[in-house]
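S.K.: Sequence:
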Amino acid sequence: MDQLEILKKQWQSSEQEHPKVSYNDIYKMLLKKSSSIVKWIFIISIAELLFWIGIQFLIPKENIELMRDMGVSDIMFYSNFIHYIIFAIFIYYFYRNYTAIQVTDNTKTLMKNILKTRKTVKYFVLYNVGMAILTSIVVDVYFFYNSNQLYETMDFASKGVPQENFANVFMLSQILVGAAIIGMLMIFYWLIYGTLLKRLKSNYTELKKMKG
Numbered sequence: 025m026d027q028l029e030i031l032k033k034q035w036q037s038s039e040q041e042h043p044k045v046s047y048n049d050i051y052k053m054l055l056k057k058s059s060s061i062v063k064w065i066f067i068i069s070i071a072e073l074l075f076w077i078g079i080q081f082l083i084p085k086e087n088i089e090l091m092r093d094m095g096v097s098d099i100m101f102y103s104n105f106i107h108y109i110i111f112a113i114f115i116y117y118f119y120r121n122y123t124a125i126q127v128t129d130n131t132k133t134l135m136k137n138i139l140k141t142r143k144t145v146k147y148f149v150l151y152n153v154g155m156a157i158l159t160s161i162v163v164d165v166y167f168f169y170n171s172n173q174l175y176e177t178m179d180f181a182s183k184g185v186p187q188e189n190f191a192n193v194f195m196l197s198q199i200l201v202g203a204a205i206i207g208m209l210m211i212f213y214w215l216i217y218g219t220l221l222k223r224l225k226s227n228y229t230e231l232k233k234m235k236g
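Per our numbering, residue 25 is the first one in the sequence shown, and the count goes up by one each step.
Among the hints, a few may not be true.
[Claimed, not checked] Listed next, the in silico BS3-like pairs over lysine-lysine satisfying Cα-Cα at most 30 Å (straight line): (1) Lys132 x Lys52; (2) Lys183 x Lys57; (3) Lys143 x Lys232.
[To be verified] Derived DEER-like restraints, expressed as beta-carbon distance ranges: (4) Lys225 x Pro84: 41 to 47 Å; (5) Gly95 x Gly218: 28 to 34 Å; (6) Ile70 x Met155: 36 to 42 Å.
Quick caveat, the hints were computed from the structure, so don't treat them as lab data. Heads up, the beta-carbon is just placed ideally off N, CA and C, and yes, glycines get one too.
Given these sequences and hints, build the entire structure.
M.R.: Here it is as structure tokens:
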């Protein structure tokens, strides 16, 4: 049994002349827990941004040259740049939510800030998953309609790969790889952010009971 549950039981079984002290103790505990959760959301989002930026430096030279030869290197660069700016904006909002909860001094405001944080995280997850799906579709469609250029650029003929049905096979492999990556991304968000949001929801429910 955690400290919050202990305080709740003490509050429920306390004498009527001491309700305010117990109420304040529980409120402070919920405030502390909520602040800690939002802080972790902020920290994890920064770590995630650094991870994706770091991945860029691990891309093989051959892949970079392929993007350049296919004429998409500039588009990829600017789209990634815009994506990271939007990502950073979300991180800024996570920081604002964290600082707002830290200075909260009443139940109503804390409940409002918890709802605001949950909404921001949901938009953040939807944006990232949506961007991953959109990017995958755009890249796959581009390569499909430029499959002849891709076949020649990667010199598949010298590797004994027949050109017949190359576009269909390549497209299918890209879809499978893209689906696997997006699936792992969704599992990551469900495990990490989903768990944190459930804890925030639990805190919100407790605050609602106290307020009621």
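S.K.: The structure should be examined with respect to each hint, and the outcome stated for every one.
M.R.: Taking the hints in turn, this is what the structure says about them:
1. Lys132 x Lys52: holds (13 Å)
2. Lys183 x Lys57: Given pair Lys183, Lys57 is violated - Cα atoms ~59 Å apart, limit 30 Å.
3. Lys143 x Lys232: With a Cα-Cα distance of about 18 Å, the restraint between Lys143 and Lys232 holds, given a limit of 30 Å.
4. Lys225 x Pro84: 41 to 47 Å: holds (42 Å)
5. Gly95 x Gly218: 28 to 34 Å: violated (39 Å)
6. Ile70 x Met155: 36 to 42 Å: Violated, at about 18 Å.
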